[in-house]
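**Q** Quick note, the sequences are listed as chains A and B, same order.
Just so we're on the same page, the numbering used here is the position in the first sequence counted from 1, plus 257.
Just so we're on the same page, the numbering used here is the position in the second sequence counted from 1, plus 2.
Since the hints were made in silico from the structure, they are not lab data.
Remember, it's a predicted structure, so these values are computed and weren't measured experimentally.
Glycine included, each C-beta is placed from N, C-alpha and C at the ideal position.
Mixed in with the good hints there might be a few duds.
[To be verified] Pulled from the structure, derived: some chain B residues nowhere near chain A, Cβ distances all over 12 Å:
no., residue
1, G65
2, E104
3, W278
4, K337
[Claimed, not checked] Computed list of lysine-lysine pairs in DSBU-like fashion (alpha-carbon distance at most 35 Å, straight line):
no., chain 1, residue 1, chain 2, residue 2
5, A, K596, B, K257
6, B, K257, A, K326
7, A, K670, B, K133
8, B, K6, B, K269
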Amino acid sequence: MLCENIVSDILSAAVSGGAGFAEVFEEKTVKDSLSLINGKTDSALSGVEAGVGIRIIEGEKVVYVYTNKTDRESLLKLAQNGAQMLKGINKSGAYSFDKTDYSLKTLYPAEILPSEVKKEEIAAILKTGSDTAFKYDKRITQTSFSYLASTQNVLIANTEGLWATDERTRTRVFINAVASDEREKQNGYFGPGAMKGFEFLRDLDIVGLSNEAARVAVTMLTAGACPSGRFPVIIDNGFGGVIFHEACGHGLEAAAVSKGASVFAGKIGKQIANPKVSAYDDGTIVNAWGSVNVDDEGHPSQKNLLIENGILKGYMVDRFNGARMGAAATGSSRRQSYKFMPVSRMTNTYIAPGTDSRDDIIASTKFGIYAKYMGGGSVNPASGEFNFAVNEGYIIRDGKICEPVRGATLIGKGSQVLTDIDMVSSDLKLAEGMCGASSGSIPVCVGQPMIRVKEITVGGRG
Amino acid sequence: MEIKEFTKKLFASAKEAGIEQYELYYMQEGSLRVSAYNGEIEKFSQSQTGGFGFRGIINGKTGNFYSESLSEDIIPLAIKGVITNCEVTGTEEKQELFPGSEVYPKVETYFPELNKISAEDKARFALLAEKTAKEFSPEIESVNTSLCDSGEAENYLANSLGLELESKSNYIVALVELTARKGEEVKEKGDIYIGHCFDEEKAKALAISAAKKAVSALGGTGVQSGKKRVIFKNEAFCDILATFADNFSGESARKGFSLLTGKIGEKIASEKITLWDRPLLKDGYASSAFDSEGVACYDKSVIEKGVLKTFLHNLKSAAYFKTKSTGNGFKPSYKGAVGVSATNFFIEKGETDFDGLLEKMQNGIIVTEVEGLHAGANVVSGDFSLAAEGFMVENGKITHPVEQITIAGNFYELLKTIAQVGNDLYFNSSAVGSPSLMFEDISVSGL
């Protein structure tokens with residue numbers, strides 16, 4: 258990683274065009290992946306990503322330059338190029354730093370680094386999963402299993418004397434089983450992950466998850482089409498939390514709020530959700546997939562209350578957009594890599610446990626849809642219009658879960674659906690995903706207990 | 003080019019380590035982006051990045067490694083990475099690298115006049131687009147993004163069979179995203195330009211197009227659920243075609259994931275449908291003379307008048323099906339292994355103009371936009387259920403916008419049941435193209 262002298266010189270060059278703030282972000286990431294198709298290792302890859310991003314801020318203007326040529330000369334030249342874009346009084350100087358190494362008191366210790374693991378061991382575990390899925394039912398015709406692990410080392414330093422370093426090790430597995438009959442194919446899929454090393458894979462219930470993926474595929478193969486129209490929908494815990502992520506979470510990011518491009522801008526202290534809804538974004542959960550010790554502009558992560566009993570309490574704020582909207586940073590500034598300028602993003606975002614019981618939620622629903630597993634979704638934060646997919650759904654009739662249905666998508670507007678969440682159980686569970694936005698694709702958790710939305714548009718083919 | 007020196011050293015080490023065949027794929031990119039906000043230049047971004055992918059073959063098995071660092075100390079890591087990864091792979095088909103095609107087509111991918119567009123020009127375009135959009139209508143509330151970006155890339159490919167190829171490309175991108183408001187209702191829309199020449203007129207046209215989309219979408223209503231006639235606007239169908247394009251990949255077929263496996267020569271679509279992969283297309287965003295394995299690119303129909311003619315292949319999938327690579331063995335970047343990608347991939351246009359489609363539909367819905375493709379579409383089964391919006395059409399005329407609807411169907415059934423093909427071929431930013439298409443019977447969910 259870069260030494261103090263070089264960083265000081267880069268920062269000095271970066272503010273030579275007249276800027277109030279400059280920051281250096283350096284990363285070195287080692288990645289490993291392995292994929293099995295139908296139980297055979299199909300590809301194996303390893304790689305090294307390394308580079309430096311330099312951010313220069315003056316008032317409401319920002320310059321971002323990045324490169325993977327990390328010699329002193331190239332970096333200084335790039336910083337000077339960036340500085341020239343801002344015309345003002347040269348503020349160059351020498352910087353000294355107050356150093357914090359966040360990896361010494363980490364939220365996510367990794368016992369076995371990915372680099373220390375034999376790929377044969379990984380392949381063997383994935384093979385067990387694939388064999389399990391094939392054994393589950395003769396209609397399972399294909400499987401794909403893959404493994405992704407990375408260790409990212411970062412250095413963040415700025416003209417305020419900040420110097421933060423961190424090490425982030427992540428491990429994730431994708432489990433996919435395809436069921437076929439003469440006419441068609443359906444699949445069941447899981448993608449568990451954690452801020453852990455190989456121990457995550459070693460301890461994972463690969464057999465249970467592979468059986469479950471196979472079960473979903475076979476169930477969906479025989480399921481009928483989901484009806485269309487507006488119904489009550491019960492969304493189960495875990496990945497069901499994608500509804501909050503899309504319907505509300507993105508709209509609470511400062512990037513949208515500071516430009517007024519969010520339906521939730523200017524609504525702090527106002528009732529925006531049903532009083533049964535409280536929600537957090539918490540980057541401090543031990544070993545959780547979306548956690549960070551320190552965000553990508555050097556703020557320690559924190560547990561941020563977003564909504565309390567339906568009342569909007571806070572946003573997720575980064576330095577640049579925080580300055581524009583007069584709000585303090587909340588440890589939410591993230592980026593995929595040095596190739597992206599950091600911006601406010603989610604970490605682990607969830608609806609807090611409520612007081613309804615699962616049984617009551619189902620029993621009190623006369624007709625509706627039960628969404629056992631959700632797929633991903635997307636949202637337009639400006640209009641609040643969101644959509645997300647149901648991977649495994651069932652009809653609820655007279656308070657009972659009945660036949661499975663396939664191909665359902667739920668759509669709505671965020672502000673409306675938050676008000677329409679009328680029951681919240683107590684069984685909070687988190688699930689892992691990747692979230693894409695302007696600063697790239699980053700790991701996040703979504704989560705919730707089982708909830709009911711009293712009415713939402715369900716798009717199916719029936 | 004320092005990469006050639008690096009390649010020599012890397013190849014010497016690979017040979018010494020007993021790697022039987024080896025290949026380096028290098029890519030270097032630079033870009034310069036200017037963004038306007040509220041009448042000022044808000045963001046400026048410049049980059050210079052690159053890296054190499056290295057693959058080696060031992061006993062017919064492939065291992066891959068990549069790095070963004072080109073320092074000499076990475077060489078031992080690259081050799082070790084490839085050997086370790088070779089040891090663990092288990093495919094049965096013997097892998098081989100490609101010695102080179104006899105001839106390579108000439109494709110224009112580098113436009114020197116683009117270099118004349120300076121950072122100041124880009125700032126002017128971005129500011130002009132922002133201003134034009136704001137002045138379009140009082141209902142335009144804010145222009146959240148107005149940016150102009152240019153980039154260029156250099157590729158270098160060399161292998162131990164003596165192959166050595168180079169290419170260079172550049173482009174300019176402009177993007178406008180804005181919101182329109184009427185009371186409590188907000189719509190955010192955008193438009194993007196990708197190409198090889200840009201000027202003030204194009205900046206204005208882009209802004210007006212984005213602003214029109216947003217303003218015309220205000221005041222949308224729901225629709226009664228049911229089966230309806232639907233015209234997919236060209237842009238919307240591009241997104242659907244792109245989502246299911248992987249089913250035409252020989253890699254998907256090899257792995258058994260494509261429902262088209264074993265259907266070469268069969269009728270899988272209406273005879274109104276001809277689907278092209280044309281890497282030699284003039285001014286195409288994905289035009290290329292050779293793929294990431296060094297195989298010469300050529301134009302081909304994938305579906306001709308409804309009949310499936312070929313899958314798109316790389317060396318590996320071609321070997322599996324005992325055929326030749328179609329020159330579609332592309333890498334997404336220097337990272338990752340070679341996969342299969344289409345180039346300029348599009349449905350051939352028909353003869354009916356958009357008004358003619360409306361006339362033929364009489365009553366139904368125009369879908370201008372679909373959302374949630376990464377989740378609401380099942381690439382394997384072809385099933386989709388997607389959030390959508392567009393316009394209501396009554397008696398052949400557009401009456402009002404519609405929103406908060408979903409459309410559901412199956413991609414393979416769509417291909418078979420196309421009723422009309424428009425003449426307004428459009429390419430999206432992923433080089434996937436389609437004209438507007440009309441269908442008789444689509445499930446629409448709304449009220």
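**Q** Next step is simple, just say for each hint if it's right about the structure.
**A** Evaluation of the provided hints:
1. The non-interface label for B/G65 is inconsistent with chain A: the shortest C-beta to C-beta separation is roughly 6 Å, within 12 Å.
2. Here B/E104 stays apart from chain A, with its beta-carbon at least about 29 Å from theirs, past the 12 Å limit.
3. Every beta carbon of chain A lies more than 12 Å from that of B/W278, the smallest distance being close to 26 Å; the non-interface claim holds.
4. Under the 12 Å C-beta cut-off, the non-interface status given to B/K337 relative to chain A is violated; the minimum distance is some 6 Å.
5. Simply put, A/K596 and B/K257 have alpha-carbon atoms about 33 Å apart, close enough for the 35 Å limit, and the pair holds.
6. Our distance criterion of 35 Å between C-alpha atoms is broken by B/K257 and A/K326, whose separation comes to about 39 Å.
7. At roughly 30 Å between alpha-carbon atoms, A/K670 and B/K133 fall within 35 Å of each other, so this suggested pair holds.
8. Note on B/K6 and B/K269: the hinted pairing is violated, with a Cα-Cα distance of about 48 Å set against a maximum of 35 Å.
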